[in-house]
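Participant: Listed below are the residues making up each chain.
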Amino acid sequence: MNRRDAIYNFVLLSAGAIILPSCGQQETAASIAFRNFLITAEEQKMMQQLTDFIVPKTSGFIGASDLQATAFTLMMVDDCYAPDKQKTFKEGLQAFDKLANEKYGSSFSELTDTQKKTMLTAVESKKDIPENVLTFYGITKRHTIQAFTSSQKYMTEVSHYKMVPGSNFKGCIPVKQA
Amino acid sequence: MGDNKNTFDAIVIGSGMSGGWAAKEFCEKGLKTLLLERGRDVKHLKDYPTTNMLPWEFKHRNQVPYDIVKDNPVISKCYAFKEDAMHFFVKDKEHPYIQEKPFDWIRGYQVGGKSIMWARQTQRWSDFDFEGPARDGFAVDWPIRYKDLAPWYSYVEKFAGISGNKDGLAELPDGEFLPPWELTCVEDHFKQMVSKTYNDRHVIFARCAHLTKPEPIHIEQGRGQCQARNLCQRGCPFGGYFNANSTTIPWAERTGNLTLRPFSVVHSIIYDEVKGKATGVRVIDTNTKQATEYFAPVIFVNAGNLNTNLILLNSVSKRFPNGLGNDNGLLGKYVAFHNYRASINAKYEGMLDSTTENGRASGAYMPRFRNVRKQEMDFLRGYAATVNAGRYSHSGGSDGFGEELKNSLMQKPELGPWYVNSQCMGETIPKVTNFVTLDGEKKDEWGIPLLKISIDYDDNDEKMIKDYLEQATEMFTKAGFTDIQTNDSKQAPGLDIHEMGGVRMGKDPATSLLNEWNQLHACKNVFVTDGACMTSTSTQNPSLTYMALTARAANHAVELMKKNEL
Numbered sequence: 001m002n003r004r005d006a007i008y009n010f011v012l013l014s015a016g017a018i019i020l021p022s023c024g025q026q027e028t029a030a031s032i033a034f035r036n037f038l039i040t041a042e043e044q045k046m047m048q049q050l051t052d053f054i055v056p057k058t059s060g061f062i063g064a065s066d067l068q069a070t071a072f073t074l075m076m077v078d079d080c081y082a083p084d085k086q087k088t089f090k091e092g093l094q095a096f097d098k099l100a101n102e103k104y105g106s107s108f109s110e111l112t113d114t115q116k117k118t119m120l121t122a123v124e125s126k127k128d129i130p131e132n133v134l135t136f137y138g139i140t141k142r143h144t145i146q147a148f149t150s151s152q153k154y155m156t157e158v159s160h161y162k163m164v165p166g167s168n169f170k171g172c173i174p175v176k177q178a
Numbered sequence: 001m002g003d004n005k006n007t008f009d010a011i012v013i014g015s016g017m018s019g020g021w022a023a024k025e026f027c028e029k030g031l032k033t034l035l036l037e038r039g040r041d042v043k044h045l046k047d048y049p050t051t052n053m054l055p056w057e058f059k060h061r062n063q064v065p066y067d068i069v070k071d072n073p074v075i076s077k078c079y080a081f082k083e084d085a086m087h088f089f090v091k092d093k094e095h096p097y098i099q100e101k102p103f104d105w106i107r108g109y110q111v112g113g114k115s116i117m118w119a120r121q122t123q124r125w126s127d128f129d130f131e132g133p134a135r136d137g138f139a140v141d142w143p144i145r146y147k148d149l150a151p152w153y154s155y156v157e158k159f160a161g162i163s164g165n166k167d168g169l170a171e172l173p174d175g176e177f178l179p180p181w182e183l184t185c186v187e188d189h190f191k192q193m194v195s196k197t198y199n200d201r202h203v204i205f206a207r208c209a210h211l212t213k214p215e216p217i218h219i220e221q222g223r224g225q226c227q228a229r230n231l232c233q234r235g236c237p238f239g240g241y242f243n244a245n246s247t248t249i250p251w252a253e254r255t256g257n258l259t260l261r262p263f264s265v266v267h268s269i270i271y272d273e274v275k276g277k278a279t280g281v282r283v284i285d286t287n288t289k290q291a292t293e294y295f296a297p298v299i300f301v302n303a304g305n306l307n308t309n310l311i312l313l314n315s316v317s318k319r320f321p322n323g324l325g326n327d328n329g330l331l332g333k334y335v336a337f338h339n340y341r342a343s344i345n346a347k348y349e350g351m352l353d354s355t356t357e358n359g360r361a362s363g364a365y366m367p368r369f370r371n372v373r374k375q376e377m378d379f380l381r382g383y384a385a386t387v388n389a390g391r392y393s394h395s396g397g398s399d400g401f402g403e404e405l406k407n408s409l410m411q412k413p414e415l416g417p418w419y420v421n422s423q424c425m426g427e428t429i430p431k432v433t434n435f436v437t438l439d440g441e442k443k444d445e446w447g448i449p450l451l452k453i454s455i456d457y458d459d460n461d462e463k464m465i466k467d468y469l470e471q472a473t474e475m476f477t478k479a480g481f482t483d484i485q486t487n488d489s490k491q492a493p494g495l496d497i498h499e500m501g502g503v504r505m506g507k508d509p510a511t512s513l514l515n516e517w518n519q520l521h522a523c524k525n526v527f528v529t530d531g532a533c534m535t536s537t538s539t540q541n542p543s544l545t546y547m548a549l550t551a552r553a554a555n556h557a558v559e560l561m562k563k564n565e566l
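Chains X and Y, in that order, give the protein sequences. What the first sequence shows, in our numbering, is residues 1 to 178, in sequence order. What the second sequence shows, in our numbering, is residues 1 to 566, in sequence order.
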């Protein structure tokens, strides 16, 4: 486990307490209690599949899974959203998976890549998609992108963030041709 | 009292923008000085916990968590109240006040006060400002003129380090400047258009408290060149901008004459009926709630505008039943502020072959052009305006998902058009109906009465907003800017963080509280040199004027003490 994974796992653990499954339930039923909502292991798995699908890891560059984008999204929803938005998010999460079941016959986690693509294209079109599903998807996508574009690797290698620009401001220079 | 450990040569209440200056001046002159601060200590560098944090190191990516926003409805409105600097602002619940009318009171209780998070704009006043009340018939005449303050502006500018251009404008006098940053292409284009089109309007680079090129005095302070990080609100690891923590307070400390006492809220000033003057202050330790008295022959009140009003109102004695120095009943009245409601933004599709490189910590500025030399509008006074134009890079959009989205996010960022914005900074007219008082019953946890604030806009402010938005639209249109959008935030007074007055200066003890040296007319060894002393507000960001008034008054107090006249 590299340092970043360690930090994000710590964030996940410190944000929520793992609730052990009660007798008789399968191990996968373990839930994570955030301060304001409960996420089952199944739901977390589904969100991980979703965030990985939104910003996938590719051969050249890290993706959502490397950045624990699911844990980041859940932490942001837990800490930075009003209770009514959290409620809609949680309901939308379940409605999202219900939509997968109704339209494609199984949980989002179990869909083929082609089915996932078809479903997300439909969600992005917003046509005949329940409002809470749009809220859930919008929040998840927003924070997945945020986890990606505010990551050290992205800001260092893609957006070239300079914390200390220096004293050499130029107010008017020709645009450099690529 | 001579050898009492609670006795000093001078007491300064408040360690922020102006209090730090009073402490520095007294300590340099050899006075044993007690500097009282109601909040915690904040040491330069050591107590800037977020200063070197990278964007991805903030748990919530600089967003303020919901519970904190919910618990702090007032303070969370401040633009600088973000995850990286929220530890420098008060919590609403810990420091209650009563809003008889909506007023967002933005406070930072710590050593250095709001000088840590200020916007660092430092424009001088001119006689067009000092003569305003007398010419236009509001408030009272200022007892001083530009010539009285000019040498003190120079004095504080040299020490604090102010960057700017010598623009030669009578309405915004030049000062002791370090080199300015450059205007951007489009700011310069705007400047050219404005100077060609209007003979009374000017666009300059805003003067600001940044060390663009440190002088030996700044190196001696341990400060270095501004690196244009634009993360000033966290405290600067280079000491690149002026705050009390990096500049005035350590300078006072190194004389060996300073006693800094954090966690010390002043309950009131002690008035001795026999001596006919103030002898000291009653301090409550904010942690232990223990009361202690401290004594000195001179007391400077720099508690931060409205809190200065509060302390004086709460300093009651047989001689002053309505507050210290308040013989005329005007203490707490004629409070004013700056009108920051209006702004405008637009795009510019020209000059697309040009851009900027690296950063700077300030932008362009338009000094007041309305009613400067004579009354010409249907409202009194006028407004200054910021103007900023820059290009921003965009990576691809956030449409879609998967590799398509990722490729879009990974694209080499493309330069967008020029974005231009401007913010109105309007003078407000001090009125007897804008005032603060003490609540008769409710007290804070230190037993100090809560301040009741009753301050509002008036018709003059509304007319000014309308005129600014019309004029800004006209100027933006003439400059070829497009997609022009005007905005009136309707924000409450207070959010401008420029509240002023209540203990105004004036010539006549019947109509003012302070004389031309910032001494209470009726209690000459008490000086008020923070924003509370302001007779009118003009349009300029006021901190530089507080600093100059403080240095001037402190040096005058030392002269009087030498002559045994305090």
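Hints are supplied without guarantee of correctness; some may be wrong.
Okay, derived cross-link-like pairs now, DSSO-like style, lysine-lysine, Cα gap no bigger than 30 Å in a straight line [said to hold, decoys possible]:
#1 X:Lys85 to Y:Lys277
#2 Y:Lys93 to X:Lys153
#3 Y:Lys166 to X:Lys153
#4 Y:Lys77 to X:Lys87
#5 X:Lys85 to Y:Lys158
#6 Y:Lys59 to X:Lys45
#7 Y:Lys191 to X:Lys176
#8 X:Lys85 to Y:Lys166
#9 X:Lys176 to Y:Lys213
#10 X:Lys170 to Y:Lys158
#11 X:Lys162 to Y:Lys93
#12 Y:Lys93 to Y:Lys82
#13 Y:Lys166 to X:Lys170
#14 X:Lys87 to Y:Lys91
#15 Y:Lys213 to X:Lys153
#16 X:Lys170 to Y:Lys82
It is worth saying that the hints were derived from the structure and are not from the lab.
Participant: Take the C-alpha atoms of X:Lys85 and Y:Lys166, compute the straight-line distance between them, and say whether it is at most 30 Å.
Facilitator: At roughly 53 Å apart (the allowed maximum being 30 Å), Y:Lys166 and X:Lys85 break the hint.
Participant: Check the hint pairing Y:Lys93 with Y:Lys82 against an upper bound of 30 Å on the C-alpha distance.
Facilitator: holds (18 Å)
Participant: Next pair to validate is X:Lys170 with Y:Lys82; report whether the Cα-Cα distance is within 30 Å.
Facilitator: Since the Cα atoms of X:Lys170 and Y:Lys82 sit roughly 29 Å apart, the hinted pair holds (cutoff 30 Å).
Participant: Given the proposed pairing of Y:Lys213 with X:Lys153, does the C-alpha separation stay at or below 30 Å?
Facilitator: violated (34 Å)
Participant: For the pair we were handed, Y:Lys77 and X:Lys87, check the Cα-Cα distance against 30 Å.
Facilitator: holds (25 Å)
Participant: Is Y:Lys191 close enough to X:Lys176, meaning Cα to Cα at most 30 Å?
Facilitator: Holds, at about 25 Å.
Participant: Take a quick look at whether Y:Lys166 and X:Lys170 sit within 30 Å of each other, Cα to Cα.
Facilitator: holds (20 Å)
Participant: What's the verdict on X:Lys85 and Y:Lys158, does the C-alpha distance respect the 30 Å limit or exceed it?
Facilitator: violated (52 Å)
Participant: Are the Cα positions of X:Lys162 and Y:Lys93 separated by 30 Å at most?
Facilitator: violated (37 Å)
Participant: So if I understand the rule, the pair passes when the alpha-carbon distance is 30 Å or less; does X:Lys85 with Y:Lys277 pass?
Facilitator: violated (60 Å)
Participant: Could you grab the alpha-carbon distance between Y:Lys59 and X:Lys45 and see if it respects the 30 Å cut-off?
Facilitator: holds (23 Å)
Participant: Is the straight-line distance between the alpha-carbon of X:Lys170 and that of Y:Lys158 30 Å or less?
Facilitator: holds (25 Å)
Checked against the numbered hints listed earlier, the structure breaks hints 1, 2, 3, 5, 8, 11 and 15; every other hint is satisfied.
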